[in-house]
Amino acid sequence: MSIPASLAISKLRYPETEEPLTAGRIVVPAIEDEERPSNALHAFANGGWLGLKVAGMIVASLLCILSLLEVVNAILTWWGHYLNIGSFDPNETKNLTIQFVLGYLFYPVSFLLGVDRNGGDILLVSKLIGMKIITNEFVAFSFLTSDLEYANLSPRSRLIATYALCGFGNISSVGIQIGVLSQLAPGKGGRVAKVAFSALLSGIVSTLTSASIAGMLVSDQATLFKVASAA
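Going letter by letter, the sequence shown gives residues 1 to 231 in the working numbering.
Read the hints as simulated data drawn from the structure, not as lab findings.
Given the structure is predicted, the values throughout are model-derived calculations rather than measurements.
From the three backbone atoms N, C-alpha and C, an ideal C-beta is built for every residue, glycine too.
Treat the hints with care, since some could be wrong.
To be verified - Below, simulated DMTMM-like cross-link-like pairs (lysine to aspartate or glutamate); rule was C-alpha separation at most 25 Å, straight line:
#: 1; residue 1: LYS194; residue 2: GLU18
#: 2; residue 1: LYS94; residue 2: ASP116
#: 3; residue 1: LYS188; residue 2: GLU19
Stated by the list, open to error - Ranges between beta-carbon positions, derived for each pair:
#: 4; residue 1: ALA185; residue 2: ALA40; range: 22 to 30 Å
#: 5; residue 1: PRO186; residue 2: ALA23; range: 23 to 31 Å
#: 6; residue 1: ALA23; residue 2: LEU83; range: 55 to 63 Å
#: 7; residue 1: TRP49; residue 2: GLU19; range: 32 to 40 Å
#: 8; residue 1: ALA55; residue 2: ALA196; range: 15 to 23 Å
#: 9; residue 1: TRP78; residue 2: GLY119; range: 26 to 34 Å
#: 10; residue 1: ALA8; residue 2: ALA74; range: 36 to 44 Å
#: 11; residue 1: GLU149; residue 2: GLU70; range: 19 to 27 Å
#: 12; residue 1: ALA74; residue 2: ARG36; range: 45 to 53 Å
Take these sequences, add in the hints, and give me the full structure.
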């Protein structure tokens with residue numbers, strides 16, 4: 001569901017005000033003679049070199065962005081100790097970090113998504129959303145499936161969280177898209193960087209839209225099961 005949602009949100013965020021260049025036709029730009037491969041072996045070599053540059057750019061961008069986030073989290077955690085927030089354990093989930101702050105900022109969002117109001121599920125899901133935005137969806141899913149703090153989530157809350165986390169709307173993806181698109185179109189790197197955070201916002205809204213639709217259409221499976229058994 002996030003694919004059509006991303007197309008709709010991106011058009012709302014960045015609408016086309018003029019006639020598209022590809023309206024009714026697809027024009028493939030001609031390759032200049034000095035850039036045209038001489039044979040298949042030359043084409044394979046060029047493709048391998050491009051793939052290596054793209055992979056290196058992705059790794060470098062991720063390392064830079066995640067390292068910056070870790071520095072900011074370390075400063076916030078150090079400051080939080082003086083406010084009696086969290087502990088000196090680096091694995092403590094209640095330390096003052098960007099994820100922790102975003103968890104409370106996304107509390108109204110989780111409430112509007114329809115997360116179960118019992119058992120503190122709203123705060124837990126909002127923390128997962130904040131964690132996914134700051135790191136990536138794989139880290140958030142690992143907490144959802146293996147961390148004991150999320151073991152008692154209701155089936156409805158777990159379903160909504162799954163849809164809310166399933167997407168590339170996170171800081172890490174910003175580094176990936178800047179690295180990949182800058183290598184595919186080196187002359188457009190500045191324009192890609194300008195719309196990177198706009199794309200991040202669109203991706204977040206797209207996944208949250210899918211989660212809200214899932215919350216509208218699906219009820220608590222456990223409740224349905226109990227009602228059917230009683231009947």
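Check: Between LYS194 and GLU18, is the straight-line Cα distance small enough, at 25 Å or below?
Finding: Between LYS194 and GLU18 the Cα gap is close to 20 Å, so the pair holds against 25 Å.
Item checked: Verdict for ALA55, ALA196 (Cβ pair) under range 15 to 23 Å -> Holds, at about 19 Å.
Checklist line | Satisfaction of hint between ASP116 and LYS94, Cα-Cα up to 25 Å | finding: Holds. LYS94 to ASP116 sits at ~22 Å (cutoff 25 Å).
Notebook entry, point to check: Has the given pair, LYS188 with GLU19, been kept, meaning a C-alpha gap of at most 25 Å?
Noted result: Cα-Cα ~20 Å, so holds.
Next item on the list: For ALA74 and ARG36, compare the CB-CB distance with the range 45 to 53 Å and indicate the outcome.
Entry: holds, 50 Å
Notebook entry, point to check: Between TRP49 and GLU19, does the C-beta distance stay in 32 to 40 Å?
Noted result: This hint holds: roughly 36 Å between Cβ atoms.
Note to self: Assuming the hint says 22 to 30 Å, is it satisfied by the Cβ distance from ALA185 to ALA40 or not?
What the structure shows: holds, 24 Å
Check: Would you say the C-beta atoms of ALA23 and LEU83 sit inside 55 to 63 Å of each other?
Finding: holds, 56 Å
Note to self: A range of 19 to 27 Å was offered for this pair. Does it hold for the Cβ distance of GLU149 and GLU70?
What the structure shows: holds, 21 Å
Margin query: Does the beta carbon distance between TRP78 and GLY119 stay inside 26 to 34 Å, or does it fall outside?
Written below: Given about 32 Å between the Cβ atoms, the range holds.
Check: Range hint 36 to 44 Å: satisfied by the CB atoms of ALA8 and ALA74?
Finding: holds, 39 Å
Margin query: The hint says 23 to 31 Å between PRO186 and ALA23; measuring C-beta to C-beta, is that right?
Written below: Holds, at about 26 Å.
Of the numbered hints stated above, none is contradicted by the structure.
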